[in-house]
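Visitor: Model the full structure from these sequences, guided by the hints.
Residue numbers (full-length UniProt numbering), protein chains in the order written: chain R, 1 to 196; chain X, 1 to 196.
Hints were generated in silico from the structure; no laboratory data involved.
Even for Gly, the Cβ is constructed at its ideal location relative to N, Cα and C.
A portion of the hints provided could be inaccurate.
As the list claims (entries may be wrong) - Covered, in the sense of this in silico footprint (three residues per stretch, anywhere, with C-beta under 8 Å from a C-beta of chain X), are these stretches of chain R:
no.: 1; segment: 6-12
no.: 2; segment: 34-48
no.: 3; segment: 51-65
no.: 4; segment: 68-79
no.: 5; segment: 100-113
2 protein chains.
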Amino acid sequence: MSLALDPAAQDLLFREARTANAFTDEPVTEEQVQAIYDLVKFGPTAFNQTPLRIVLVRSAEARERLVPLMAEGNQAKTASAPLVAILAADNEFHEELPKLLPHFPQAKDMFFSERPVREAAAGVNAALQAAYFIVGVRAAGLAAGPMTGFDFAAVQKEFLDDDHSPLMIVNIGKPAEDAWFPRSPRLEYDEVVTTV
Amino acid sequence: MSLALDPAAQDLLFREARTANAFTDEPVTEEQVQAIYDLVKFGPTAFNQTPLRIVLVRSAEARERLVPLMAEGNQAKTASAPLVAILAADNEFHEELPKLLPHFPQAKDMFFSERPVREAAAGVNAALQAAYFIVGVRAAGLAAGPMTGFDFAAVQKEFLDDDHSPLMIVNIGKPAEDAWFPRSPRLEYDEVVTTV
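Guide: Take a look at the structure:
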């Protein structure tokens, strides 16, 4: 009763949404991915840096290059998911800052002139955006299967470049029957939240 | 039209929601924070590690200790926000894994026996949960003002401990009039998404 978001939306995004391990054959269209992006691009990041970059693995050839780079337990589902997205952090996001932060263009040089600082910022803020993206996949009525079990260096070499660090790989589609494990427990409020 | 989430919810969570820099005096209740947590705790993390920990700064005494640790441009809004939350990553989250991952309790020792591995995992996954939390604040009809402009080492020393790394500080409340800058631009779909 304390939330403004209607209960159906709560269910769609959090309560009934689950990490899927199996999918139907129904394709995920370009229009759906664009609609997801056009929603979640508004999620906040520090200095509006929005460092998330997304590689959609759509061709059979690219899929064949990706699957062997996944951990064994992730290979079958990555091979069969309707769409696979590689989420990465752009460590050179600062080049876009004058456009992204028009009221404070000097942020680019004041805060992000050093690569290690950029890598740390890009990692955290791309992770925020990865979470918004997962919420957006669910907002599209689809299930996401985010995975970090893969060879990060090999995925970077095969699909990205030195300026883009992989963050996670997400299988996307309509969940099949028996698409998930039983829900694992969550920590209680008092285990997570303290008050001072 | 490609999204299952109804347009009012899209607006509430992403399109009209904004990072607030000023708030009304209306308090944020314990019940609201619990409702936010009880929704966003379901957001996925790797191995269900859920490393996010939250310190609610409610007492005047704690607020007085926090404000001087904020960057100058963040001090006034942090002093006046109805509620301030310190979001942190628990680098010892693995101690909870046997409870959180009952079907795979050996993950604790197989993957997370080394502190640097835990710190990296906790940082990424707490960032995912920080994004879910921001979405949850908006789901409660409130505005979030996430900030990374503060003295991280000093906040850790003053409010956390060696096992908990600060991630961001979030002001929470009903937005005041003129609570935000004009919306900054976002990257176009084709600047972010490539297909292979």
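Visitor: Decide, hint by hint, whether the structure agrees.
Guide: Right, here's what the structure says about each hint:
For the segment 6-12 of chain R, the proposed coverage by chain X is satisfied: 5 residues have a C-beta within less than 8 Å of a C-beta in that chain, meeting the threshold of three. Coverage of the segment 34-48 of chain R by chain X holds [criterion: at least 3 residues with CB-CB distance below 8 Å; count 13]. A stretch counts as covered by a chain when three or more of its residues have a beta carbon under 8 Å from one of that chain; for the segment 51-65 of chain R and chain X the count is 9, and the coverage holds. Coverage of a stretch by a chain is defined here by at least three residues with a beta carbon nearer than 8 Å to that chain's beta carbons; for the segment 68-79 of chain R and chain X the count is 0, and the condition is violated.
Given as covered by chain X, the segment 100-113 of chain R passes the check, having 4 residues with a CB less than 8 Å from a CB of that chain where 3 are the minimum.
The structure shown violates just one earlier hint, number 4.
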